[in-house]
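Number of protein chains: 2
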Amino acid sequence: MKRSVFYLSDQTGLTAELLGQTLLSQFESIELVTQTLPYIDNEQKVLEIVALINRNAQENNARPIVFSTIVQPELKQLLHQSQAVLFDLFEQFIAPLEQAFGVHSSHRVGKQHSSANKEAYDHRIQAVNYSLNTDDGLSIKQYAKADIILLGVSRSGKTPTALYLAMQFGLYAANYPITEDDLEHYELPSWAEQFKDKLFGLKIDAQRLHEIRTERRAHSPYASLKQCQFEVTQINKLYQQEAIPTIDTTCRSIEEIATKIIDKTELRR
Amino acid sequence: MKRSVFYLSDQTGLTAELLGQTLLSQFESIELVTQTLPYIDNEQKVLEIVALINRNAQENNARPIVFSTIVQPELKQLLHQSQAVLFDLFEQFIAPLEQAFGVHSSHRVGKQHSSANKEAYDHRIQAVNYSLNTDDGLSIKQYAKADIILLGVSRSGKTPTALYLAMQFGLYAANYPITEDDLEHYELPSWAEQFKDKLFGLKIDAQRLHEIRTERRAHSPYASLKQCQFEVTQINKLYQQEAIPTIDTTCRSIEEIATKIIDKTELRR
Numbered sequence: 001m002k003r004s005v006f007y008l009s010d011q012t013g014l015t016a017e018l019l020g021q022t023l024l025s026q027f028e029s030i031e032l033v034t035q036t037l038p039y040i041d042n043e044q045k046v047l048e049i050v051a052l053i054n055r056n057a058q059e060n061n062a063r064p065i066v067f068s069t070i071v072q073p074e075l076k077q078l079l080h081q082s083q084a085v086l087f088d089l090f091e092q093f094i095a096p097l098e099q100a101f102g103v104h105s106s107h108r109v110g111k112q113h114s115s116a117n118k119e120a121y122d123h124r125i126q127a128v129n130y131s132l133n134t135d136d137g138l139s140i141k142q143y144a145k146a147d148i149i150l151l152g153v154s155r156s157g158k159t160p161t162a163l164y165l166a167m168q169f170g171l172y173a174a175n176y177p178i179t180e181d182d183l184e185h186y187e188l189p190s191w192a193e194q195f196k197d198k199l200f201g202l203k204i205d206a207q208r209l210h211e212i213r214t215e216r217r218a219h220s221p222y223a224s225l226k227q228c229q230f231e232v233t234q235i236n237k238l239y240q241q242e243a244i245p246t247i248d249t250t251c252r253s254i255e256e257i258a259t260k261i262i263d264k265t266e267l268r269r
Numbered sequence: 001m002k003r004s005v006f007y008l009s010d011q012t013g014l015t016a017e018l019l020g021q022t023l024l025s026q027f028e029s030i031e032l033v034t035q036t037l038p039y040i041d042n043e044q045k046v047l048e049i050v051a052l053i054n055r056n057a058q059e060n061n062a063r064p065i066v067f068s069t070i071v072q073p074e075l076k077q078l079l080h081q082s083q084a085v086l087f088d089l090f091e092q093f094i095a096p097l098e099q100a101f102g103v104h105s106s107h108r109v110g111k112q113h114s115s116a117n118k119e120a121y122d123h124r125i126q127a128v129n130y131s132l133n134t135d136d137g138l139s140i141k142q143y144a145k146a147d148i149i150l151l152g153v154s155r156s157g158k159t160p161t162a163l164y165l166a167m168q169f170g171l172y173a174a175n176y177p178i179t180e181d182d183l184e185h186y187e188l189p190s191w192a193e194q195f196k197d198k199l200f201g202l203k204i205d206a207q208r209l210h211e212i213r214t215e216r217r218a219h220s221p222y223a224s225l226k227q228c229q230f231e232v233t234q235i236n237k238l239y240q241q242e243a244i245p246t247i248d249t250t251c252r253s254i255e256e257i258a259t260k261i262i263d264k265t266e267l268r269r
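Line order of the protein sequences matches chains W and S.
Everything in the first sequence is counted per our numbering, starting at 1 for the first residue and increasing by one.
Everything in the second sequence is counted per our numbering, starting at 1 for the first residue and increasing by one.
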């Protein structure tokens, strides 16, 4: 049983997608075919999509599911004439919000990406640049500016986590690889004492680390289960000894790792 | 007039945040103070939040706005007893989805990040690594694997765009800086002919480029308005001459740039 899902937006479509994915994850038994159609901002485009939806309904003998964040009332009206099961996010929520605030909404397209956000936006770009410049132990001299410094063994997820913290939340996130040398001596690198309150440790299961490293360098000593077990055991002891807060990345998405880190620290999203 | 907004979730809170931000961007006249409270997954945490909400309502003499993606019915019920104006995303949408699909939802927490997504997740990490390895003209020998190769002058937004395409959509996005040398000869670099169908050009307004470069290296020839105007004029001619599709990044967020690029190409999100 296959059902078609369309995410429609007059903007990027990211909001419709994310809400739809969240809701649909509650229906595992349904096989879904999803498609995102962004920048639907005029009558002609909506009419084409209505035709697409109706064709799809006929072919599959089932009404497609549509999540829409289209703002303009005249475009929404056209959409309502399709055969879709329509989830109109603005319709559901704007009226009660207007009532709560006691004002009318602007009903204008693309407000979320307007220049009002320019400062926040520039900050995010600077944060991404900072994370790139301080990736994998580069440029320790910039650590005074860091919001957080992620520690972990090679391939424990430091780089994507740091980049996500920067891109999504505008945090200055550096990352530093803990090497065999550090681990043999149960010692943090010498720069670390000064920035103790910024350190955050990533943990990972040895078996999973072995799999990840094997994909990169199969049959190498670096990827061997034994080496992974050694590094994981040692670094976990080091975290404990130095009272560094940690998170296990093993079965978590980047989004989860990043938001859990923020939740466990004093950082603000 | 200040209103408090809380984003509540038993997971990351990203869905509640994004939907809330999208909706609230329609109410520019209201000054908002927002707070995200993720991983609210037991009764005690909900009761603490209900107390926080009620205190806030009393202090501000206005009911706080709450966007919630909490799944568990018994936790939602507690939340409903608060003084918030509550937007319960699951309540609004799950029942009609159940009806459309003819099945009950699983009502289980954290399905979105379950291991079913492991393959997609690994692919995203690989894409981020690819984008880092091919950042700023590195590792041209890996271009055969690219989904897209972004071109642009220095500081036109290539790196954050490539990383976002990788992180959000799992695309292998390389980026290559077009230098003064290339521009003086109106020529693409020699590797480009072979990958013509993967090229995508980033444009930027000369004045904006001047501002961005000035922040980086003030009063340098590199940042001068004259130099920026030269590079921008030349690269735009080069794009046109070579029939390379382009997007203007000047007043756009990374999300917009990335989704517009996907929309203009044959790439799939």
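Note that these hints are calculated values from the structure, not bench results.
Since the structure is predicted, the reported quantities are computational estimates derived from the model, not experimental observations.
Keep in mind that a hint or two might mislead.
Intra- or inter-copy, both count: the list cannot distinguish identical chains.
As the list claims (entries may be wrong) - Below, simulated DSS-like cross-link-like pairs (lysine-lysine); rule was C-alpha separation at most 25 Å, straight line:
id	residue 1	residue 2
1	141	2
2	145	226
3	226	260
4	76	145
5	76	260
6	2	260
7	260	45
8	264	76
9	76	196
10	76	198
11	76	237
12	145	264
13	45	264
14	45	226
15	145	2
16	196	226
17	226	2
18	264	198
19	45	237
Hints breached by this structure
Hints 1, 2, 3, 4, 6, 9, 10, 11, 14, 15, 16, 17, 19 contradicted; others consistent.
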